[in-house]
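J.: The primary structure of each chain is shown beneath.
Protein chains: 2
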Amino acid sequence: MQKSREDRQAAAPDYHVDRQVGFFLRQANQRHVAIFTNAIGDKLTTTQWSALSKLKEIQPCSQNQLGRETAMDVATIKGVVDRLVKRGFVATAPDRNDGRRVVLSLTEEGLAVIAANVGAALVATEGTLAPLTSGERMMFLELLQKIC
Amino acid sequence: MQKSREDRQAAAPDYHVDRQVGFFLRQANQRHVAIFTNAIGDKLTTTQWSALSKLKEIQPCSQNQLGRETAMDVATIKGVVDRLVKRGFVATAPDRNDGRRVVLSLTEEGLAVIAANVGAALVATEGTLAPLTSGERMMFLELLQKIC
DNA sequence: TAAAATTCATTCGTGTACAAATGAATATGA
DNA sequence: TCATATTCATTTGTACACGAATGAATTTTA
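Here the protein sequences line up with chains A and B, keeping their order. Those letters in the first sequence? Residues 1 to 148, per the working numbering, in order. Those letters in the second sequence? Residues 1 to 148, per the working numbering, in order.
Don't read these hints as lab results, they were simulated from the structure. One should not assume that every hint holds.
Claimed, not checked - So, partial list: chain B residues that the calculated Cβ filter (under 7 Å) puts toward chain A:
1) Gly22
2) Gln27
3) His32
4) Val103
5) Val123
6) Pro131
7) Glu136
8) Met138
9) Gln145
10) Lys146
Yeah, the Cβ is synthetic: ideal placement off N, Cα and C, and Gly gets one too.
Given only the sequences and the hints, what does the whole structure look like? Please build it.
T.: Take a look at the structure:
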């Protein structure tokens, strides 16, 4: 039987935001970002790091494709790439086969900054998962992936 | 023995951003926000909802206190509260005992909008956890809380 | 092939998120 | 009590995050 609107309102007193998944997800993400920011040396954000790392795997590729691979909106990936270009980590070039596309690739500096920070990135991952045992980490990662 | 910088660089090829907790946490949060936005009727964001719900529990309280209770920066909570005030959901008043503080409280409209959306908030929580079984949900929430 | 649909990149507007700095008010301690 | 420290709220600047709109280029399909 479907709950009526009144039933739900009656249940309101029992509602606690700070027991909802969304509340925890936001905080967990915040904590990870803080840990990452602290661990990384070259003033790179988590999203910039995602873009750089993924670009290394799939370069050369278009901007939108990089966005898709890193779960970033077209508007978001644009800003991220712009900042990485400005800092000299990413290079852009027109696509000869497709006049719409901008081809992205890593520069020498981009490759260098990745190499210099992989360690810190792993430390950040470790720090985020620190409160969990080895078994808990595996379980948690598995469940977390399911709700992505 | 401490890993040298070279060792870490050598390990770089095995590194995959899309297998790190941070990558999943960001995406899971994004998915939840999308589900919540879709479920809610009155154009409320997840953070606005957190502020409203928490305020109902602890009102009257100062702006910074509400921020602390909802894990929001002083600058962040200011923006959130400003928007809620502008929409008539939250009222502000000077604190008689403390000249620095602004006392926040819910208006009638604020209480009404909470009552009208508790159901949708629960639906959003349900939707976010939908890929998990009942047992998995309990386990996941427990582990998630540990890394907040 | 011509029209319709899709894709790419860009721009605008709104809303978190946080570091850092500021000034006013209150609390603390010597 | 008076100087120091803390707290509160605000402001500035930078960086995601996404909906929505735009125009150019490409693909699909009728």
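J.: Each hint: holds or not?
T.: Right, here's what the structure says about each hint:
Hint on B/Gly22 holds. Least Cβ distance to chain A is approximately 5 Å, under the 7 Å limit. For B/Gln27, the interface hint holds, since its Cβ comes within 7 Å of a Cβ in chain A; the closest pair sits about 4 Å apart. At a threshold of 7 Å, the smallest CB-CB gap from B/His32 to chain A is about 5 Å, leaving the interface hint in force. Checking B/Val103 against chain A: minimum C-beta separation of about 21 Å lies over 7 Å; hint violated.
Nearest Cβ of chain A to the Cβ of B/Val123: about 9 Å, over the 7 Å cut. The hint is violated. Interface restraint check: B/Pro131 against chain A, minimum CB-CB distance 4 Å, threshold 7 Å, status holds. The closest approach between the C-beta of B/Glu136 and any C-beta of chain A is roughly 6 Å, which is under the 7 Å cut-off, so the hint is satisfied. For B/Met138, the suggested interface contact is broken, since its CB lies about 10 Å from the closest CB of chain A, more than 7 Å.
This hint holds: B/Gln145 has a C-beta 6 Å from the nearest C-beta of chain A, less than the 7 Å allowed. For B/Lys146, the shortest C-beta to C-beta distance to chain A is roughly 4 Å, which falls under 7 Å, so the interface hint holds.
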